[in-house]
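Top line first, the protein sequences correspond to chains A and B.
Sequential numbering of the first sequence, starting at 1, is according to the working numbering.
Sequential numbering of the second sequence, starting at 206, is according to the working numbering.
Simulated from the structure, these hints should not be mistaken for lab results.
Don't be surprised by glycine CBs; every beta carbon is placed ideally from N, CA and C.
This list has only true hints and no planted wrong ones.
If you want a taste of the chain A side facing chain B, the calculated C-beta under 8 Å gives, among others:
1) Asn47
2) Glu148
3) Ile180
4) Tyr183
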Amino acid sequence: METNNKIYFYPLWLRIWHGINALGIILLIITGYTMQAGNESSLLGFNTSVNIHNISGLTVALNYLLFVIGNMITNNGKFYIVKPKNFLKRPMKQAQYYAWGMFRGKDKPYPLSEKRKFNPLQKYAYIGVMYIFVPAVIITGFALLFPEIIIETVYNVSGIMLTAVLHSVMGFFVFLFLIIHLYISSIGKNPLGNYKSIINGWHHV
Amino acid sequence: MVMSQQKGKLPYFHFKALEKLLMNICPQERWLNLFRYNNVKMKHRLIYISFIFLVVFSFSEINAQTYYDNAEEHQCLKCHSSQTYTFHNSLMEYEEKKLMNPFYIMDTVALKTGVHSAFDCTDCHSYEYSEYPHKGAIKLEPLPKCLDCHGGSDTPFQFDKIHEEFEKSVHYQVYGDNFSCSKCHNIHTYHPVSTTSSNVAEIVEYSNSMCLSCHNDMKQYNLVSGRTNPEIVEIHDWLPNQQLHFENVRCLECHTEIQEGIMVSHNILKKENAIRKCAECHTQNSRLKASLYKYQNLQQRSEDGTLRTVISNQSYVIGTHQVPLLKTLGVIIFILAFVGIAIHLAFRIIYKK
Chain A
1 METNNKIYFY PLWLRIWHGI NALGIILLII TGYTMQAGNE SSLLGFNTSV
51 NIHNISGLTV ALNYLLFVIG NMITNNGKFY IVKPKNFLKR PMKQAQYYAW
101 GMFRGKDKPY PLSEKRKFNP LQKYAYIGVM YIFVPAVIIT GFALLFPEII
151 IETVYNVSGI MLTAVLHSVM GFFVFLFLII HLYISSIGKN PLGNYKSIIN
201 GWHHV
Chain B
206 MVMSQQKGKL PYFHFKALEK LLMNICPQER WLNLFRYNNV KMKHRLIYIS
256 FIFLVVFSFS EINAQTYYDN AEEHQCLKCH SSQTYTFHNS LMEYEEKKLM
306 NPFYIMDTVA LKTGVHSAFD CTDCHSYEYS EYPHKGAIKL EPLPKCLDCH
356 GGSDTPFQFD KIHEEFEKSV HYQVYGDNFS CSKCHNIHTY HPVSTTSSNV
406 AEIVEYSNSM CLSCHNDMKQ YNLVSGRTNP EIVEIHDWLP NQQLHFENVR
456 CLECHTEIQE GIMVSHNILK KENAIRKCAE CHTQNSRLKA SLYKYQNLQQ
506 RSEDGTLRTV ISNQSYVIGT HQVPLLKTLG VIIFILAFVG IAIHLAFRII
556 YKK
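Next comes chain A alone, as it looks inside the complex:
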């Protein structure tokens, strides 16, 4: 669907999924850090943080199923497929545009269209987050929720400890992604354009 330079990029299910995911992940990051600091006097107490973290974690995990199923039954999934040709050259070109080209008034190397929802760099970042980091956080988070299923020791290192470290390292990368994602979203025709798009579904090209 394309009208007046507007493309209906984000169908309702995707926007609902994105909203839940965003809210859930923000809560998970805040409570995750509160728990790591373990400070009773912090805004959120330890126990409250644990409860919020568990509930948000479960919500984000279930929501992830919506993302996977949605991608399977709609054509949204195809936007996450990487072409092997110029595997590294394409995202590099986009990075060069962000770092240099956009300030020199150069044209976008990969303008978005009905067929190209994400530029290559964006696509790589989304694949990394949605198919590597988030699933890893979900799996390790599930294991930490039921620690008795974790292997006791791996070469004499506590299995729980390894799982916990992996969980927070992966969570850290999701947080890093979130910051960069929020910033890059402000690049567009106007700084708020992309934020509006994910609410109303229409993307300005």
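Take the given structure of chain A and dock chain B to it, following the hints.
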């Protein structure tokens, strides 16, 4: 006990080890007076060393063969190690077989390896127990108290301080002198696991088994308190991952007040005062560092240089904060990301993009 641990070290004999050894044999200051080699003139030193060698080897000899090596031959254990005992009934003139009181049956293996294995039964119990039938009156004789030997010493164990703490505990407050050290520390079989083992799980299991021997045993609990047993599992229902906690931390961690200067606080708190805050342990400033992980043997384990032991020691701290390197890396990456964003934003403002 002590002797057997020290025995293997004799070839590497040196003064400090010897001093430690003597303190272990009898933790009294007077031993050390014999051993103030620094204050003794050189010509006397050899005499002292010869004497000490004599003492050490004679004790080693005793230890190599403890009183309890052959239970069947031991005058007490030949009866007190089995379910039944046989004696000659001189009144009726026949051999009589009787059931042994189960509380008086000794675990001979544990007895042999226990901390007091260098002592014979009659070193503490009346010598008159050598006769059978035992005279009724000797039951009234008081047994020596732990502090009779261990009190007044300046060993790292600090028994006097422990006793002071114990007197504040719920056990002493409720049961008074009837609650003796031996209610938890079995004199016959006690092992100093917490100060010798480097295996946390082993230390935890040994320590918790002392508490659970009553608190999870209807009969034993009833013997001391006269009340029915509280249900351990139900009471700790609030505790997430209960089983894992029970396997990895001691009851003491939450049920005592941490006391500086002694290894284990003996001030067992009333259940209402027990710690119920996750953050007390699951933080970098965890109370476990001042309790379970303050043992030198566990600290050494974390300091032996290998990464795996360093990190496996703090697995109770949540997330990457248990690995300081990752924490620092995380901060650096964040700073770099923010600096990158700030520079990019500055250029966008300058170029009005």
